[in-house]
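2 protein chains.
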Amino acid sequence: MTTTGIKVSVMYPNKAGARFDHEYYKNSHMPLVKSKMGDALKYYTVDRGLAGGTPGEAPTYVAMCHLFCDSVASFQAAFGPHAQTILADIPNYTDLQPVLQISEVVVGKP
Amino acid sequence: MTTTGIKVSVMYPNKAGARFDHEYYKNSHMPLVKSKMGDALKYYTVDRGLAGGTPGEAPTYVAMCHLFCDSVASFQAAFGPHAQTILADIPNYTDLQPVLQISEVVVGKP
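If you're matching them up, the sequences are chains A and B in order. Oh and the first sequence: position 53 is 53 in this note's numbering, straight run, nothing missing. So the mapping is simple: this note's numbering equals the position in the second sequence, first residue as 1, plus 1000.
One or more of the hints may lead you astray.
Result set (DSS-like, lysine-lysine): computed pairs, CA atoms no more than 30 Å apart in a straight line [to be verified]:
#	chain 1	residue 1	chain 2	residue 2
1	B	LYS1042	A	LYS34
2	B	LYS1034	A	LYS42
3	A	LYS26	B	LYS1036
4	B	LYS1109	A	LYS15
5	A	LYS36	A	LYS109
6	B	LYS1026	B	LYS1109
Selected chain A positions facing chain B (in silico; Cβ < 10 Å) [stated by the list, open to error]:
#	residue
7	LYS7
8	VAL8
9	ASP21
10	TYR25
11	LYS26
12	LEU100
To be clear, the hints were calculated from the coordinates, so they are not data collected in a lab. All figures in this text were calculated on a predicted structure; none of them were measured in a lab. Note that the Cβ used here is the ideal one computed from N, Cα and C, for glycine as well.
Build the full structure now, drawing on both the sequences and the hints.
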């Protein structure tokens, strides 16, 4: 199986009454992550949850970001030294606890 | 907020003992989805879950795909007529029940 690298998905579970500032996340937090990780972070994407799979159903995640790197090792080397700084910024946009997943990119964007 | 379209994420929760044929998913199921949805499906990506956020932790999802379309309406128009055919193919690669989420793409791949 050919891989086009890995992605780290940071997923914020949608909870009633939770706070999430999408503007801050897009305009401040994610640029902070990029500035700290440098070129090891090839690019990132950001999602805002709209709906679940059935009519009227809320999305599972209120927001997600996906960090694309060449390998788990390159992600860890670039993220690790700045983890504290990056994690300390989370309360500025949410009171939610994100779920993390590392995936192999089996099919990437063409 | 500028949007670059929507994505439909199909996420297969990782369960002990569950069956998931990643090769079939990549080489047969996803091309079937693309052939049925046509140009309304701008492109798709496929992930294979590797790990969770802490050492030794299993990934939340064993696999995911993300279907990128211009709008929820264009997704529904292209997917709806073929939903039965596409869903009928699921048992060919897994016994898992996927979780669906529709998201606005706030930041897409550059």
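Against the structure, the hints come out as follows:
Among the hinted pairs, LYS1042(B) with LYS34(A) is consistent with the structure: their alpha-carbon atoms are about 27 Å apart, no more than 30 Å. For a cut-off of 30 Å, the pair hint linking LYS1034(B) to LYS42(A) stands: about 27 Å separates their Cα positions. Proximity of LYS26(A) to LYS1036(B) is assessed by CA-CA distance (about 34 Å); at most 30 Å being required, the pair is judged violated. Our distance criterion of 30 Å between C-alpha atoms is met by LYS1109(B) and LYS15(A), whose separation comes to about 27 Å.
Using a Cα cut-off of 30 Å, the hinted pair LYS36(A) and LYS109(A) holds, with the two alpha carbons roughly 24 Å apart. For the given pair, LYS1026(B) sits about 21 Å from LYS1109(B) by alpha-carbon distance, which is consistent with the 30 Å threshold. Restraint check, LYS7(A) versus chain B: the minimum CB separation of about 6 Å is within 10 Å; hint holds. The beta carbon of VAL8(A) comes within 8 Å of a beta carbon in chain B, closer than 10 Å, and the hint placing it at the interface holds.
Hint on ASP21(A) is violated. Least Cβ distance to chain B is approximately 12 Å, over the 10 Å limit. Hint on TYR25(A) holds. Least Cβ distance to chain B is approximately 8 Å, under the 10 Å limit. With a cut of 10 Å, the hint placing LYS26(A) at the interface with chain B holds, because the nearest CB-to-CB distance is about 6 Å. For LEU100(A), the shortest C-beta to C-beta distance to chain B is roughly 3 Å, which falls under 10 Å, so the interface hint holds.
Hints 3, 9, counting from the list given before, are not met by this structure.
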